[in-house]
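Peer 1: Based on the sequences and whatever the hints tell you, model everything.
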Amino acid sequence: LIAPYRFEELRALGRVTLRPRSVNWKTIADNYSDGLHIAVAHPGLTRLFGRSYGVESEQYVDRMWGTIVEQPSSKFSERLYQRVLPRVDYLPAEAQRRWLYFKLWPNVAFDIYPDQIDFMQFLPVSATSTTIREINYAIPDKRREMKVARHLNWRINRRVNAEDTALITRVQQGIASASFTHGPLGESEVCLRSSGRRMRALIPEARLRSPPAAGWSQNR
Numbered sequence: 001l002i003a004p005y006r007f008e009e010l011r012a013l014g015r016v017t018l019r020p021r022s023v024n025w026k027t028i029a030d031n032y033s034d035g036l037h038i039a040v041a042h043p044g045l046t047r048l049f050g051r052s053y054g055v056e057s058e059q060y061v062d063r064m065w066g067t068i069v070e071q072p073s074s075k076f077s078e079r080l081y082q083r084v085l086p087r088v089d090y091l092p093a094e095a096q097r098r099w100l101y102f103k104l105w106p107n108v109a110f111d112i113y114p115d116q117i118d119f120m121q122f123l124p125v126s127a128t129s130t131t132i133r134e135i136n137y138a139i140p141d142k143r144r145e146m147k148v149a150r151h152l153n154w155r156i157n158r159r160v161n162a163e164d165t166a167l168i169t170r171v172q173q174g175i176a177s178a179s180f181t182h183g184p185l186g187e188s189e190v191c192l193r194s195s196g197r198r199m200r201a202l203i204p205e206a207r208l209r210s211p212p213a214a215g216w217s218q219n220r
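Going by the working numbering, 202 is the number at position 202 of the sequence shown; the sequence numbering is gapless.
Just so you know, these hints were derived from the structure itself, not from any lab. Since the model is a prediction, treat every value here as computed from it, not as a measurement. Glycine residues also receive a C-beta, built at the ideal position from the N, C-alpha and C atoms. Careful: at least some of the hints might be erroneous.
Ranges between beta-carbon positions, derived for each pair [as the list claims (entries may be wrong)]:
1. 20 to 141: 30 to 36 angstroms
2. 125 to 186: 26 to 32 angstroms
3. 207 to 178: 16 to 22 angstroms
4. 181 to 89: 51 to 57 angstroms
5. 70 to 124: 37 to 43 angstroms
6. 159 to 108: 21 to 27 angstroms
7. 147 to 178: 22 to 28 angstroms
8. 20 to 71: 20 to 26 angstroms
Peer 2: Listed below in structure tokens is the structure:
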């Protein structure tokens, strides 16, 4: 699935960026694999993907994807990206307008676009603090339309990142509330269900309805 993207030929587009977030690392990782939040939290992605967004999970790997629709977006940056994104000769037809996402359990992610590939790690700093380490890669392409597409990709995803930051901040605040309770998970959330099963198998205390006593992890 990823072989056509020629990872071995990728070159860094910029420098490594470190983004602090005042949330638990798993809040970020779960949000990344959550399928139902797209329509609620990301109107831009919804305009670009229509109803094509999908999720699936295999051992240690979550995969999410959406295909750029032909219907022009009502927003300038999205509409221009739809129009100028050039053909990439080494990609198959089905990948020409597909945005593909992979999360490698537990905290590594790749956003794979026709125009570039973004790499991320969610690095725990404390129980309520995480650093997102990220860098963008691409195969060298001097075409003007490719340069424009990459800039528009950045503009679109800058907004997506802001929406995600607002969402995970509210989730973390909810977890910290004394009234917090576990909610149901939709049957379609196969990635979150898989991650939860793996976490509970690795850390049985994760099954508890309330936090364990302080220092519990020192005895493991």
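Peer 1: Each hint should be assessed against the structure and marked as holding or not.
Peer 2: Taking the hints in turn, this is what the structure says about them:
1. For residue 20 and residue 141, the Cβ-Cβ distance of about 32 angstroms falls inside the hinted range of 30 to 36 angstroms, so the restraint holds.
2. A hinted range of 26 to 32 angstroms holds for the C-beta pair residue 125 and residue 186, which are about 30 angstroms apart.
3. A hinted range of 16 to 22 angstroms for the beta carbons of residue 207 and residue 178 is consistent with their spacing of about 20 angstroms.
4. Between residue 181 and residue 89, the C-beta spacing of about 53 angstroms keeps the proposed range 51 to 57 angstroms intact.
5. Range check, residue 70 to residue 124: Cβ separation about 41 angstroms, and the 37 to 43 angstroms hint holds.
6. Residue 159 and residue 108 have their C-beta atoms about 24 angstroms apart, which keeps the hinted 21 to 27 angstroms range intact.
7. Restraint check, residue 147 to residue 178: a C-beta distance of roughly 51 angstroms breaks the suggested window 22 to 28 angstroms.
8. Taking 20 to 26 angstroms as the suggested C-beta distance range, the pair residue 20 and residue 71 does not conform, at roughly 37 angstroms.
Against the hints set out earlier in the document, violations occur for numbers 7 and 8.
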